[in-house]
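Novice: So the protein lines, in turn, are chains L and H. Going by UniProt numbering, the first sequence opens with residue 1, and the numbers climb by one from there. Going by UniProt numbering, the second sequence opens with residue 1, and the numbers climb by one from there.
Honestly, I wouldn't trust all of these hints.
Said to hold, decoys possible - Taking lysine-lysine and the DSBU-like style, the derived pairs with C-alpha atoms no more than 30 Å apart in a straight line are:
1) Lys116/L / Lys110/H
2) Lys324/L / Lys298/L
3) Lys338/L / Lys57/H
4) Lys211/L / Lys57/H
5) Lys57/H / Lys333/L
6) Lys255/L / Lys157/L
7) Lys20/L / Lys110/H
8) Lys439/L / Lys377/L
9) Lys129/H / Lys157/L
10) Lys141/H / Lys20/L
11) Lys129/H / Lys377/L
12) Lys35/L / Lys57/H
13) Lys129/H / Lys231/L
14) Lys42/L / Lys110/H
15) Lys338/L / Lys231/L
16) Lys11/H / Lys20/L
17) Lys116/L / Lys141/H
18) Lys157/L / Lys57/H
19) Lys39/H / Lys338/L
20) Lys141/H / Lys11/H
21) Lys57/H / Lys231/L
22) Lys664/L / Lys641/L
23) Lys439/L / Lys641/L
These are computed hints drawn from the structure, not numbers from a lab.
Listed here are the chains, written in short residue letters.
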Amino acid sequence: MSGPSLMDSLFQRTLEDLIKGLRQQLIGEQAFISKALEEIRKEIKSTDLSTKSTALLKLSYLSSLHFHDMSFATFHALEVLSSPRFSHKRIAYHAISISFHDSTPVLLLITNHLRKDLSSTNEFEVSLSLQCLSRIANVDLARDLTPEIFTLLSSNKLYVRKKAVAVVLRVFEKYPESVRVCFKRLVENLENSDPQVLSAVVGVFCELASKDPISYLPLAPEFYKILVDSKNNWVLIKVLKIFAKLAPLEPRLAKRVVEPICDHMRRTGAKSLVFECVRTVVTSLIENDSAVRLAVGKVREFLVDEDPNLKYLGLQALSIVAPKHLWAVSENKEFVIKSLSDADPNIKIESLRLVMALVSEHNVAEISRVLVNYALKSDPDFCNEILGSILSTCSRNVYEIIVDFDWYVSLLGEMSRIPHCQKGEEIENQLIDIGMRVKDVRPELVCVSRDLLIDPALLGNSFLHRLLSAAAWVSGEYVEYSRNPLELMEALLQPRTSLLPPSITAIYIQSAFKVLVFCLLTYLMQRGSTASSMFPDNLPSAVSASVSYESFDDLSVENVVDATDTHGPTCTSASITNESIVNLLNLVELALGPLLGSHDVEIQERARNVLGFVDLTKLDLLNSSVQEENDSERKGAEASKTIELMHGAFSKELGPVSSSAQGKICLPDGLMLKENLGDLEMICGDIDQPSSNSFSFGSPYEEKGGVSFSNLQIKENSRQSNESTSLLAEHRKRHGLYYLPSGKSEMISNDYPPANDPMLLGNINDNADDLVKLTEESLTPKRKPNHAKPRPVVVKLDEVDEKPESKEDSLSGAVHDVLFGSEDIVPTSSQSNLSDMPSSKRKGKEKQHTDSHVESKENLVDHGNPSSRRRKHHSHGKERRHRSPRKKNAEERKDNGQKLKEKSSHRHGMHKSGQRAEEPFNFSVQTPVIPDFLL
Amino acid sequence: MGIRFILMVNKQGQTRLAQYYEWLTLEERRALEGEIVRKCLARNEQQCSFVEHRNYKIVYRRYASLFFLVGVDNDENELAILEFIHLLVETMDRHFGNVCELDIMFHLEKAHFMLEEMVMNGSIVETSKANILTPIQLMDKSS
């Protein structure tokens, strides 16, 4: 045994040999390393400590830089640790600190080693073990070694003391009880004048304060002294960070620190310190105008600097100021907009965020226009960044800033035509959402959708497929607003739809179905009116529908009436003739016939439905039109009954669904969901559920009854090429006439700029200048006294806001206990809310709630149109829906309110103590501490 | 915790030094280093030295063939970290004399030791070159 071991140690490769070998190896890095690892595994078992430690050193190297597991060596590391030689210890400590973690089995065996080294007389040994402890300490280690740390905190060797201070952070985190032992000494170190120790202590307090600032408020005087006296920028930056956390809690403190902070900002030459001052002011001292002005001035210096780092940070600082002091951004808007074309994508994104911060109700149109134009010219990533931020800004808070929805919808259409656009999914959601929420915009929406559907080029871009599905759904659902349903039908059934994934084809078919039903109905009404000449003039067909229909479904009828009322003659202007109906039916049969053989069940089923319907009606319709009088009366009636039935099924209006809708449905008696599902889980425990994004729409009327009606189901799986596609291709060849006119498609594709824009780098600065000019006016927030038209009603649902649980923090509790010593009442966070909190908060919320409710109701009522029956119905429904959950949630909300209060009192307890000084009970403990400093 | 990790990576993307202040598994480390290196090495001189990554920031600086990358929490002062990187390089320069990638490769232990003197538990504890180097020189003498 000793023979090979001796040989090993004699010929052992050192770390240097290993590194050299690694650089010169010819057998491939991996092979070389695995050979080396084999050697190490042998060597590390050696009884000779220097062989062992060298092996460990090499292993640490490979683990740290080449990601090789070294968990097998944990015990060997401990063995090396017990060596009396310092160089071995060093290797062992390094290995331990990179390989040990909380679940390392031998972790507890290290306690005694550490204890021994912590009390060693060699300060470097102490320092090694402290460093190691700062990396690996867990609860047990922290608890067991607290006494040693406590001793070291007042060590007379500064080298040791500063490291003991730094370790305290980890020990506190892992074992909060240790605060009771060590905290006083930590604070003593804060008063220490030695710069080495000071920077360590301030670092610790900075971390502690960032987690729970309120506990450290009583230490403000000490921090203040450092802020004024210290010359060390590193320390000043940390102290500023502490004040950034403390100042918002205590207004008097904020007033006090503003002056020294501004002093530093004016005097220092170090950019890092200036920036920290700026950040402290803009995050925490935002109320102090002169300080903010000074800070913004400094930010401006950053912005004009050549250094991209300063530019970036300046923009970041601006975006922190923006919510409260928008003037700071508009003052610097030139730089902001110029930075949109910076060489650095990070800077571009920051400036984009700022531009979006400038957006308001008044300038949203101008800014969006400029940005969309800019997106056309920029690289794909940034283009989508722009589109994404426009979309999210405009949709914020249920389209709060949008007044002119017609404009916005057409903007959405325009965005989807930008060649790099990858935001199909987001635009899809918004198109549908707007369709459901904003009634007045539907005609324009249908128009935009039609333009999208009819463009065959869009079908080729797979990022836009989701968007097209929305367009298809919209044009099917709101087909009554369409100018030319027949054209829509052709668009929906155009041959290139075979490029769509099956889930979206299914939506296309369903929409085609709706359009078909609508066309047939219109046709029937037209014929009816001319035949019976009950309506001698050529009124729009839909009006006649309303009369013959009233008994059947008043809701849908008024829908149609609305359409004709507002958009009268333009709507459905193409009169539907006998011939066009025949063509239409033929088109449907031709286009959907091949889909009967589709491999996708959804497509197959929907196609079959439509074709079945066509079969059902075609015979009757055509016969009746050819034959005269007697027969047609009866047969036509039969067909029209079917059509009316179908139309009725489609014409119920869909509304948006609150995300909490499901929770409001009460469970029917006798339904035992859990038990049944429990069985199910047992049965199919190991079958993976295919994850599918499903989109569900429910009509507001049905929702109450607990029926949720899922209309669209969008699955992302690409369509496999199969027989039917090739069949379709042949079919396309034969029936060329069902292609859309080629002239149109060419015209549209000419609008497309080429994907690789030839004018790039050279012109980009010109572009930027243009941008600056363009936005010169638009960014200044100007008031338009009157809008051309009133903002349409946007249906909103009450959201149940979620309150995060306030968690119990044992560390802060311990700190409190120590800082406030042995007072009778310990104001830990959980106890400070004993007093009855003012219910104003809750009331306010309630009031706001009802206000908005009333407002929306009013809007609905005084909307002007006399077709009031439906309106009333609508608002009733709304009312009921608003009320019932409120009752139901009353209790829950009380709870939430309570939680909220708890939380806020936890956070702002100190702040409130100032205001409610007359309440003797609450903060009698804390109040004496602060005035010491403030007076 | 302030600083989360410090990496030194050469132009080819090979890690030359890695120091983490929170525990990550080997796989997590490999993924993290890969992502960061891809992100940062693609950037040029005209671009700023800050990159947002996952939920933290990376502050980096290039010296000759070596990139120094420091992962920090979001509220850390970027400029101070840049100064810290510079201080680290100056310290190594003073010790090795015209420090280069090879010095760090072959004296990784010492580089780690310097870092440990400067940073503990993710916060900077020592910023004086003399204070950082004294213990190392003492150890060199004694061994």
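Novice: Does each hint hold? Answer for all of them.
Specialist: Verification of the hints:
no.: 1; hint: Lys116/L / Lys110/H; verdict: 24 Å, holds
no.: 2; hint: Lys324/L / Lys298/L; verdict: 18 Å, holds
no.: 3; hint: Lys338/L / Lys57/H; verdict: 24 Å, holds
no.: 4; hint: Lys211/L / Lys57/H; verdict: 19 Å, holds
no.: 5; hint: Lys57/H / Lys333/L; verdict: 26 Å, holds
no.: 6; hint: Lys255/L / Lys157/L; verdict: 39 Å, violated
no.: 7; hint: Lys20/L / Lys110/H; verdict: 18 Å, holds
no.: 8; hint: Lys439/L / Lys377/L; verdict: 34 Å, violated
no.: 9; hint: Lys129/H / Lys157/L; verdict: 18 Å, holds
no.: 10; hint: Lys141/H / Lys20/L; verdict: 25 Å, holds
no.: 11; hint: Lys129/H / Lys377/L; verdict: 50 Å, violated
no.: 12; hint: Lys35/L / Lys57/H; verdict: 38 Å, violated
no.: 13; hint: Lys129/H / Lys231/L; verdict: 17 Å, holds
no.: 14; hint: Lys42/L / Lys110/H; verdict: 26 Å, holds
no.: 15; hint: Lys338/L / Lys231/L; verdict: 38 Å, violated
no.: 16; hint: Lys11/H / Lys20/L; verdict: 19 Å, holds
no.: 17; hint: Lys116/L / Lys141/H; verdict: 25 Å, holds
no.: 18; hint: Lys157/L / Lys57/H; verdict: 36 Å, violated
no.: 19; hint: Lys39/H / Lys338/L; verdict: 24 Å, holds
no.: 20; hint: Lys141/H / Lys11/H; verdict: 34 Å, violated
no.: 21; hint: Lys57/H / Lys231/L; verdict: 28 Å, holds
no.: 22; hint: Lys664/L / Lys641/L; verdict: 37 Å, violated
no.: 23; hint: Lys439/L / Lys641/L; verdict: 28 Å, holds
Violation of the numbered hints given earlier is confined to hints 6, 8, 11, 12, 15, 18, 20, 22; the remaining hints are satisfied by the structure.
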